[in-house]
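Working from the sequences, and respecting the hints, build out all of it.
Here is what each chain is made of, one letter per residue.
Protein chains: 2
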Amino acid sequence: MKLYDGGRAPNPRRVKVFLAEKGISVPTEQVDLGALGQKSAAFTAINPLQRVPALQLDDGTILTESIAICRYFELLHPEPPLFGRTPKEVAVIEMWQRRIELHLLMPVSHVFRNSHPAMKEMEVPQVPAWAEANKPRVLEFLHLLDQELKGRAFVAGDSYTVADITGLVSVDFMKPAKIAIPDNLANVKRWHTEISARPSAKA
Amino acid sequence: MKLYDGGRAPNPRRVKVFLAEKGISVPTEQVDLGALGQKSAAFTAINPLQRVPALQLDDGTILTESIAICRYFELLHPEPPLFGRTPKEVAVIEMWQRRIELHLLMPVSHVFRNSHPAMKEMEVPQVPAWAEANKPRVLEFLHLLDQELKGRAFVAGDSYTVADITGLVSVDFMKPAKIAIPDNLANVKRWHTEISARPSAKA
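Top line first, the protein sequences correspond to chains R and F.
What the first sequence shows, in my numbering, is residues 978 to 1180, in sequence order.
What the second sequence shows, in my numbering, is residues 978 to 1180, in sequence order.
Calculated from the structure, these hints are not laboratory results.
A hint or two may mislead.
If several chains are the same, the list does not tell them apart, and a pair holds so long as it fits within one copy or across any two.
[Stated by the list, open to error] With a cut-off of at most 25 Å between alpha-carbon atoms, the simulated DSS-like pairs for lysine-lysine come out as follows:
1. Lys1065 - Lys1152
2. Lys1112 - Lys1166
3. Lys1097 - Lys1112
4. Lys1016 - Lys1127
5. Lys1097 - Lys1152
6. Lys1166 - Lys1152
Predicted model, so just to flag it, every value in this text is computed and none were measured.
Quick look at the structure:
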């Protein structure tokens, strides 16, 4: 088994935080995103969508999509459960994982990719008006999340789950996207501080 | 249990096609998207993100996100499996479900929402340049999908899965987005014709 990794970029980082929470170690090969290594012929043969992470299984099967890779490890190593145990837990955690992904990670990514000078070669064409349109969406979702986190420790309930991992990389991705957490969102700040203090956050 | 539905819109339709494939019937309440019923105070109390579908469980729990709702039903009614059985099957199906969602359904949705006159009140502001930027992404992914479908009947392998359901609603959503399947993509056309002929596609 081999994990094709991409450093601190949000998606490969999700898998590494997940593995750290599970205590799993996987042989890793770095793909140099700065040199557009994900667009090389060699890596395109692994993932035609030219994105990291990718996991090569021992039978040669390639898995891509960070959440699909995480779920694969969850099924092989169920403890501690990060996708839930009962049907209701599993569904609530997937709901929150997706809410965070679609309404926080994606808009932050749209802002970053369509406004940051470093993304000119990656996001063609950059559409600055789309970056602007997404900034208020990030803040609107963070306000909603702050209300939710009033009543519980983690995004999907009283336990740390894969939804918190997506939340961590989303909030950390706000920095290069130049969006700050508003000062009045005390619950989001408390939650982000707590999950950032876990050893897994160093991944 | 009650499903808040939204007619032929892609996300509520995913759940209905899934339920039809499973042979499950669920009491349903229509939310009138034409009248912006999803933004009413009553529905906002159910889903603060103001989107359908939503599933209310008998204990009052609200599940949103079509794929989380589908997985909940998969766990309650495992046959026929639409999310896979073994860890590898589950991961490959989730990979394809996400690839279709992120690289087909989303760009089609961006085109529709940012160019269709009917979406002016829903997508504020509309960014026509973002619609234009997404059209070639739709076609690029369809070409990749056509290569994949050369070697197999369905998106994620030899069986119909939830990835085909996302594929069906994505391709059907291309019509209001005014994007046609290129004539030379014979495998995509064959696949779309076949999954459209299943009784579940009427949902």
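These are the hints, each one checked on the structure:
{"no.": "1", "hint": "Lys1065 - Lys1152", "result": "neither (34 Å within a copy, 35 Å between copies)"}
{"no.": "2", "hint": "Lys1112 - Lys1166", "result": "within (18 Å within a copy, 38 Å between copies)"}
{"no.": "3", "hint": "Lys1097 - Lys1112", "result": "both (19 Å within a copy, 19 Å between copies)"}
{"no.": "4", "hint": "Lys1016 - Lys1127", "result": "between (43 Å within a copy, 24 Å between copies)"}
{"no.": "5", "hint": "Lys1097 - Lys1152", "result": "within (18 Å within a copy, 31 Å between copies)"}
{"no.": "6", "hint": "Lys1166 - Lys1152", "result": "within (14 Å within a copy, 43 Å between copies)"}
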